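J.: For the record, the sequence lines run as chains A, B and C. Sequence positions in the first sequence follow the numbering used here and run 1 to 449. Sequence positions in the second sequence follow the numbering used here and run 450 to 613. Sequence positions in the third sequence follow the numbering used here and run 614 to 1586.
Hints are computed from structural coordinates only; laboratory data are not their basis. Bear in mind the structure is a predicted one, so any value in this text is a computation, not a measurement. One thing to keep in mind: the hints can contain errors.
Stated by the list, open to error - According to the in silico footprint, chain C covers these stretches of chain A (three or more CB under 8 Å from chain C):
hint, stretch
1, 56-62
2, 116-122
3, 145-158
4, 233-242
5, 300-314
6, 385-395
Said to hold, decoys possible - Which residues of chain A face chain B? A few of them, derived with a C-beta cut under 7 Å, are:
hint, residue
7, Arg8
8, Phe210
9, Leu218
To be verified - Derived CB-CB ranges, DEER-like:
hint, chain 1, residue 1, chain 2, residue 2, range
10, A, Ala328, C, Ala1234, 19 to 29 Å
11, A, Leu320, C, Lys726, 11 to 21 Å
12, A, Leu189, B, Val568, 15 to 25 Å
13, B, Leu510, A, Leu189, 28 to 38 Å
14, C, Gly1513, A, Leu320, 49 to 59 Å
15, B, Glu608, A, Arg188, 21 to 31 Å
16, B, Val511, C, Asp1547, 49 to 59 Å
Glycine included, every Cβ here is placed at the ideal spot set by N, Cα and C.
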Amino acid sequence: MSNAATFRSIEDTVRAAHGPPGPLYWLALAVSGGVFAFGAWAYSLVVRTGLHWTGLERPGMWGNLITDFVFWVGIAHSGTLISAILFLFRARFRTAVYRVAEMMTVFAVMTAGLYPILHLGRPWLAHWLLPYPNQRELWINFRSPLIWDVFAISTYLIVSTVFLLVGVAPDAAALRDRATGWRRGLYRLLAFGWRGTDEQWRHYTRAYLFFAAFATPLVVSVHSVVSWDFAVSVTPGWHSTLFPPYFVAGAILSGVAMVITILVPLRRAFRLEDLITARHLDMLARLVIFTGLIVTYSYATELVLAAGEPASDPERSTFLYRMTGPYAPVFWTMVTFNCGGPLLLLVRKVRTTTWSLLLICLAINVGMWLERFNIVVTSLAHDRLPFDWRVYVPTWVEWAMTFGAFGWFFFLFLVGLKLLPPVSIAELKEDAAGHGAHGPDGPAEGSHA
Amino acid sequence: MPDRGALGTFAEPADAARAVLRLRERGHSVRASMPAPFPAVVAALGRPRSPLQWVTFPGALVGLLGGIALTAGTSLSWRLVTGGKPIVSWPPFVIVIFELTVLIGSLANLAAVAVGTFVGGRAASFPAGVPVDPARVALFVVGDPAAAEQALRDAGAEEVRRVG
Amino acid sequence: MRDPSEWPLGRRSFFRIVGGAGAAGVAAGCSPKPAIQRIVPYLVPPDDVVPGKPTFYRTACRECGAGCGVTARTREGRAVKLEGNPEDPVGRGALCARGQAAIQALYHPERFKGPLRRAGGGPAAPVSWEEAEADLAKAIVAAAAKGPGRVRMLTAPEPGTAGAVQRALLAAAGARPQDRVVLDLLDPGPLRAAGAALLGRAELPIVDLTEARSVVALGADFLETWGSPVELARQLADGRTRAGERTRLTWVGPRLSLTGVSADRWLRARSGGEADVVLGLLRVAADPAVETGRSKEARALWPRLSAISTADLASRAGVPWGEVERLGRELVLRRPSAVLAPGPQSQGADATRLAALALVLNSVLGNLGRTLRYGQGGDEDAPSSMAEVRALLDDCARGEVDVLLVHGVDPAGLLPVALGAPAALAKVPLLASFARRPDATTPLARLVLPDHHPLESFGDVAPRAGVLNLLQPVMTPLADTRQAIQVLAEVGAQLPTPAKLASTDPYDLVMTRAGERVASLRAPGAGLPADPAAELRAAREHGGLWAPPPAAVAPALRIEAAGRFLAPGAPRAAEGGGALDLVAFPTALRGDGRADLPWLREVPDTLSSVSWTAWLELSPATAQRLGVATGELATVTTAAGHADVPVYVFPGIRDDAVALPLGAEAAALLPATLDPVSGALAFAGVRATVARAGKRARLPLLEGSPYQHGRNVVPVVTRAEPSPPRPDLSARMYPEPAHPEHRWAMAIDLDRCTGCEACVVACFAENNVPVMGPEAAEQGRYMGWIRMERYLGDEPGGALDVRLLPMLCQHCTNAPCEPVCPVYATYHTPEGLNAQIYNRCVGTRYCSNNCPYKVRTFNWRDAQFERPLDMQLNPDVTVRSRGVMEKCTFCVQRIRFAEGRARDEQRPVRDGEIVPACAQSCPAQAITFGDANDPASRVSQVARDRRAFRALEDLGTLPAITYLARVREEEPS
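Just chain A, with the same shape it has in the complex:
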């Protein structure tokens, strides 16, 4: 069949995905919206009378909410990784999946960004964390990891949003001409006068390369910064130089696992099987294995180093506490899911069977949340002065806010799927053409993939 026909079919598939939603979609939308609303109401209690609604207490001043923050920042990592880093590495398999991944990134950052504000004692003063001239003549403390967070997270949100929208522009143009009603308006806006002229492509491809070049170190920096929230402290269990690489790997692991968790049902529901193929999932699964091994290695390193300390050492005590204390179930579930899961994927059969892949990725998502809980909570619960040790247990309010975040995330995601093309039309076309006859000379600089 001719390329033109292929191109047309690609567009049709995408347009089909944008068709009127079925009852399943509405149900999903209602559920996620409801969960979010409940979480928001639970939070309103905290705003009204204070954080006594939580289970927090000295010494454990951080709990679920910070765990959620780290978790969602982690989820946000897959998108930019898949689109930017794999772009620079010319990994073709990204083409089909990176749009979903990028959408995930943007919404995950929007979720993660909420928590540092939600967990404040006086959230209505959150703007004090931003540098702006004020009558107090007081700026912000750039030595504080929390300020690094402010800059890293906001930069990451802006850059990844730009990256997403720039990628969407040509596709919007493609959809624009045959769209009707408000969609036409929307796509005209997103297309930003795109006509696909060589002049436009000339700048576009170059710009895309630069964005990728910016985004790649950014991805690494953001989760390193998040890890420094803990690593620069003196709390045993937090104070570790291993944290940045360990966190980045963990973030990518959780992120890719989440991408798979979403793609598997998505390609079924939106009939994208012939665009997002089993091969794509397989490549992602390999990424899971790779990062999973790094994470496993990190766990091992931490334990070995701690075990080497004298018996009276707080670090050692903290790690023993994690493994044997009241939080032991958390620790062992985490190890089983995050180390065992990826290892299982080494078996080709497990990797290629959709349901087992999905199951393992779900387990990894849970495991990664527990990992963050394990790091944040157990270290605080068991610090230097034994007299202060105390076990923290989250309250229903904290759980409501935790799940509320999932509601909020999936709500945004479901809406996003109906508005933005879930796959990159332009790049799929290019790939399609690429499989066909090649031009006189190979792919020129600045072209995609």
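Assemble the complex: chain A is given as a structure, and chains B and C must be docked to it using the hints.
T.: Just chains B and C now, kept in the frame of chain A:
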């Protein structure tokens, strides 16, 4: 300027690429519009590389210097000692400076590509008002419409339309 | 010019209103007459009520018999904090936790607003004072007509004018002396009885530990409630840090009390075995083999003593003979010493025997007249025995009492339920209670005549010869209350034969009496004062009249009388079904059990770290045997009754004993057993069975792990190792921040600290630290800026090794909390303080996570200060709002105050001029504060002590607080 000429469409990027080469051999100036930057076509057109970096790089530089100014400047404006650390503690500041570099650099890059896209979308670079099928590669040959049409047909265009 | 009183609300009348103390003070230090009937506006605003400036009034504390002097700080006419009176020889400026909390009784929300009368069984209705007094007078007249004994009084000890007035009224009502019963639950009556029997002096000796080289306390918790705790704590501490020899303290008893924690040695005698321990000590002390140059007492007693089998003694005492012998030899070597007994924990049915043996031992060791001083006890208004109290209750029950005046005590609530006080009191036709707020007795009262709080009253207290501390109002009364002595005097005046009183005005009554005593209270040979009036005014300004006490007498021991006490105690009662010895103990915070003030309930007990509720102490072995764990509810059953109490597993108690603090639970369990000789209540010798109730209790517990887990957080020093290990901190990444002018620092001597919690309560009072209640306490949301970290040993199941560490903000030079704050809410000031700026704080709580000492507390919700408790709030300190972090500030308001004053006087701040609340209140004077920049300052000198160490020093946080390690005495081999 490109208000007079002829527009031809190709289903296959490869054909389009060959056509471009031929037309350019004949001394025609060719403009293209395509659903994706097909490497073959791009190569055949042989346009110079976009000078975007001349906006992006300065942008990043501004972010870098701005970051240094913000962190060091505000710390010095009210010297508050925390944890016995120096007033200007570079190691932590570097993190903020880096993030600002990336941020401003990306925004500059965005601004640049926005301008580029806007310019590239004007009639100057491709005749306005002619419907372009997003599934096909369209070539526009500038010059006398009749001659251009002939040239395109020779190059194997499927549909050809005169413009102007 | 118009009469000022006609002016509209102007500045002066405004002050008059805001500062309740309408006519507060005419001359500095003086005080208003009470009960102003008609408010007169200021013609001239008094010099001593300057808004924003504190005014200090000297008065005295009435919370226990010690009668410490008090300095009350008032702001705009209302009292905001109580501190000791530095001139008072008893407290020397220190004040215990209960004394400081008294101010919360003043502002207690439940206080009666005025007199109440209950007609028939109906509800109490407000009534005018005149009516109420007339009623009372009428009833007294009617009762007196029926003959003696129909009018009685039950009162707390009133060694002063109040007592005199009470006696005068009763006399006028034709009552006999014994009709006035004085109740003090913790009074060591047996010691008085023993004194009467052995020395012919029925008085309590004044204990003076300044010379004591060795102290043995048998159940006498003199660092908490026994005798004069503030004074004794100070004397012990001085002995501890005395150059040369260190006072050695031994605690004898089944349970390790707070006094036991301060002790160098603990003899785990079984409950009731204390007397046998003393007998054993006596036997050693009188043994010619031990000492040749024996006193004549020893020589006379030896024949009797030598007959006693040491093995029997040891087995009855429950301690190896070796330990007793070693202690005995020590006492012989280290003279003078002090053997103190009995206290509630050792006061059983043979308490007089224990007291007597202790007296004999003291006399054998030559302590009488040196550490136990006779002839100095004011012992004015000595408490009656519990036997007399029971007699009174029996008479009430038999309907032989028509009028009962109850003052300062709550018989229905405080006495053991077994005495059946409520039922008996209900039979009294007219019970008049002077209680300030509802207690268990007031519902039974026909008349409630609310007394002023001592801080609203004139009065005097003579805890001993040579000391007369004066009480004066520090503010005008909050409600329509009336001082009890005024009521009694006015009632007395209405009797057919009026009471012989100079006046009905408390001021005149007190001053007249004080005037009579001026002469007696002057240095011997000083003669009469030139101008008694001037002397009295001075006395009021300074808070009392003090003179060197008369020389102590060393009464001779009546050997023949001693004989009958030397017989070994009765063999132990047969073990009944795993029954345990019940130990009911008072604590520094709960006193005799009436811990009903917010601070006293919020602050955790030092040993158990429990707050808000009573707890049951069981040894780990016993707890395991009974299958109960900390936090579970257990049912305790005695012959008298039963109670459900949450368990706290405590290694500091014998396996055959169970302990709980005095209070409602203990009152339900204690039988009405009395010591036949002294008639004192037998707290000890009660057998109890404990069974698990199978429910979990809500037990507010502060401690996480009571063990140090090998971290040696709180090191001790010994003669072998005189210095704790210090890490090498020479390697520095950055230069230390400069402290150009001052570097405020603190030193805490753990060898002086007794863990009495006075500093903690002082901090609550000074810094508006909120009381959050039991639920918050359960969740570990205790807001105190100081907490007593208490470790019981190194590892679970290991040896008991109690170590205390008062933990507060260390004001580190390299504070980990500072750099992590994104908004500069906490930073290092040029004077070395770790400042916390509440209104900058957004509540990220990272500072607390990064604080190795976990001394930062977070406001999880808005604190509640129920009216009028909010009147106590210190205007110099912010009340923190929800969502912000707070912590110790080194009382920065006091620092600024002193600095400001120094600037005004154009002089540098003097060393010792700045005293944080905690340091000020410390009875043991364990806390030193000052400028570390000045090498000559006291704090710098103390910090150079070889016992110095810093908390978690290896972290390199460079704390401003230096601890001096506790000295651990090796046993002499």
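J.: None of the hints should be skipped; say for each whether it holds.
T.: Against the structure, the hints:
{"no.": "1", "hint": "56-62", "result": "holds (count 6)"}
{"no.": "2", "hint": "116-122", "result": "holds (count 5)"}
{"no.": "3", "hint": "145-158", "result": "holds (count 4)"}
{"no.": "4", "hint": "233-242", "result": "holds (count 3)"}
{"no.": "5", "hint": "300-314", "result": "holds (count 3)"}
{"no.": "6", "hint": "385-395", "result": "holds (count 6)"}
{"no.": "7", "hint": "Arg8", "result": "5 Å, holds"}
{"no.": "8", "hint": "Phe210", "result": "5 Å, holds"}
{"no.": "9", "hint": "Leu218", "result": "5 Å, holds"}
{"no.": "10", "hint": "A/Ala328 to C/Ala1234: 19 to 29 Å", "result": "28 Å, holds"}
{"no.": "11", "hint": "A/Leu320 to C/Lys726: 11 to 21 Å", "result": "59 Å, violated"}
{"no.": "12", "hint": "A/Leu189 to B/Val568: 15 to 25 Å", "result": "19 Å, holds"}
{"no.": "13", "hint": "B/Leu510 to A/Leu189: 28 to 38 Å", "result": "31 Å, holds"}
{"no.": "14", "hint": "C/Gly1513 to A/Leu320: 49 to 59 Å", "result": "53 Å, holds"}
{"no.": "15", "hint": "B/Glu608 to A/Arg188: 21 to 31 Å", "result": "25 Å, holds"}
{"no.": "16", "hint": "B/Val511 to C/Asp1547: 49 to 59 Å", "result": "51 Å, holds"}
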